[in-house]
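Asker: Got chain A; can you put chain B on it based on the hints?
What follows is the residue order along each chain.
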Amino acid sequence: MYATTIRGTSYRFPDLKTLMAKATPLRSGDCLAGIAATSAAERVAAQMTLADLPLSVFLNEALVPYEEDEVTRLILDGHDRNAFAPIASLTVGEFRDWLLSDAVDEDKLAALTFGLTPEMAAAVSKICRNQDLILIAAKRRVVTKFRNTLGLRGRLSSRIQPNHPTDDARGVLASAIDGLLLGNGDAVIGVNPASDSPEQCYELLSLLDELRETLSIPTQSCVLAHVTTTLQLMERRAPVDLVFQSIGGTQAANTSFGIDLAVLRESREAALALRRGTIGDNVMYFETGQGSALSASAHWNCDQQTLEARAYGVARMFDPLLVNTVVGFIGPEYLFDGKQITRAALEDHFCGKLLGLPMGCDVCYTNHAEADQNDMDDLLTLLAVAGVNYVMGVPGADDIMLNYQSTSYHDVVAVRRMLNLAPAPEFAQWLADVGLTDARGELQPLALPASFAPLLERA
Amino acid sequence: MADDRPTPLDKISMLRSATPARIFLPRAGPALTTRATLDFQLAHAEARDAVEERLDADRLFNALTSRGLTAVRVKSAARDRRSFLLRPDLGRKLDDDSREHLKPLAGDYDLVFVIAEGLSARAIARHALPVLERALQSLGQTSWKIAPIVLAEQGRVALGDDIGETLGARLVAVFIGERPGLSSPDSMGVYLTFAPRVGRTDAERNCLSNIRPQGLSYADAAHKLLYLCNEARRRQLTGVDLKDEADTLPSGELRAIDAKS
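From first to last, the protein sequence lines stand for chains A and B. Position one of the first sequence corresponds to residue 22 (my numbering), numbered consecutively onward. Position one of the second sequence corresponds to residue 0 (my numbering), numbered consecutively onward.
Incomplete in silico selection of chain B near chain A, CB under 7 angstroms: (1) P29; (2) A46; (3) V50; (4) L85; (5) R178; (6) G180.
Note that these hints are calculated values from the structure, not bench results. Since we're looking at a predicted model, the values are computed, not measured. All C-beta atoms in this analysis are idealised placements derived from N, C-alpha and C, irrespective of residue type, glycine included.
One chain only, chain A, in its complex shape (with noise of 0.2 angstroms):
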């Protein structure tokens, strides 16, 4: 039992999970679970009891049960004790407070990893404006490769997603081509198959793999299709960099996906035997998401965000490349509007980096959500401030094939553009070897580069 009394009036709170889902900024998904506050003072209520609880409560309460959830047993067991020792003894207040603090840098906070659990993560991003979500997150970086340096200091990354309804090959080839011609691409260059189908899949990923071949381009590509397609195809030797796969922050949203631990440890085991990358061995791609654990009713009452934060707990084990939120796609009774799906990237975007994920997000909204691109562009403006990794890149920011809006080609450059960053360095240089940039490295006007011929004479 958690209780505190502000101004005459005592509030309670019967276990952790619950003053947890309390304490957190409001969205529609708590209040659809029936566990968010249910007063503005309440939420507050429960943040000062939040800020004054120490950070060991979090090794001794699991909110969801260790003997029946393989994700808290994966959380607890994992945790470094010396780690954790630089602030074993404080408040989650003073947590936020030691974050915010000068003498906390990246290597601090890089020490610190695994010394903190997602549900710390969680409970000091509960207290924190956004603006302290920013300043955070942007003194970490994690760094991760394969064929090319994800995650430095003054780079922003771009996934180019170039989807097709059909799996359309020549469909999907122009609008990568597109992509490329923007600068975007050095995350990675990943489609979600329209069909799981492992023909089509199998026929994706080499149209994938030719391409990047053709052109010589220093990235990875990839088929977001299930992790158990996606083994059967590299048993089939298909070319494979990175295994994909959604992931969920409790066992039974896990199982939802059709997926455990295990399979994700076999997956990554078969893509490392392949050994296509280059400069690195980070061969795993996660997407996320607040509220799939509750869509799959799998959430034990804890709340989306908490939730979300152990997804990462769970991403963190496999050394991923990519990480990334896909933060408005799942629709408006989890995030309502443009106001809370900026919360909730934020949100992601610091727990992730806290965690020590290269967090990226998919700066996204559905048309029955109240958001527009004028919210896209404030929170991608946002993310790149606070340093994300990399962002999606979508032809129009209008996915034909997943039916919601997230972020262009042109907003990456755009946002490259006004706040001076570059793509990762093996792919900067790519671009000004093959002319699609000038010597400060922006974008030729009208560039189509002699290299891209031989594609297009095949298209």
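Answerer: Just chain B, lined up with the frame of chain A:
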């Protein structure tokens, strides 16, 4: 000497026709030109309007009955658009009056069609009747016992479970307006569930998506739906174990399958 071979830039414009994606948009500096920006705004405005639009249920009801079809109107427990959007649980169950209204109609049915506006009333107004008529035309030549058509307001896919269970139908086909995309504000989906009852999961359904003239045509949608209905009845299931292999069969095969089941 003239060279008629396409230049690389010609090739690029040829590629443009390979996808409905918004590729090779004109730039103004790092941003889009005014026209491309406003084109996007218009598409978003249309999609937003499609979400807000309500189905003209009277009109559709009259269209059904004027074709000699028996139809019945129900409502979900979601009172208005906002609660529909925020409370998916309410859109999945009948309101009490509707349940009482349906109960006396319960019977021995192989199949019930449910029509729900979902997130695009426009999709239902345009595509529900053409697909339904094609499906009923084929089913009319079979022994299938079809329940009255249920026209549902503020319904989600799983409302079909509640309706199917209440009516005692062995199979439910829910026609529903899909989440509008920027390039497709009027896309209809059909979800098929065997032995409908409250609590069925999406893994236990089969889905036909993107039904509209620019996507899955009416004829193809009806063809696939009938294939799935027949297979569902034959194998007594729907869901992940029932694959859509309708493409491998010529349309004439459908009745043959039905005759065997």
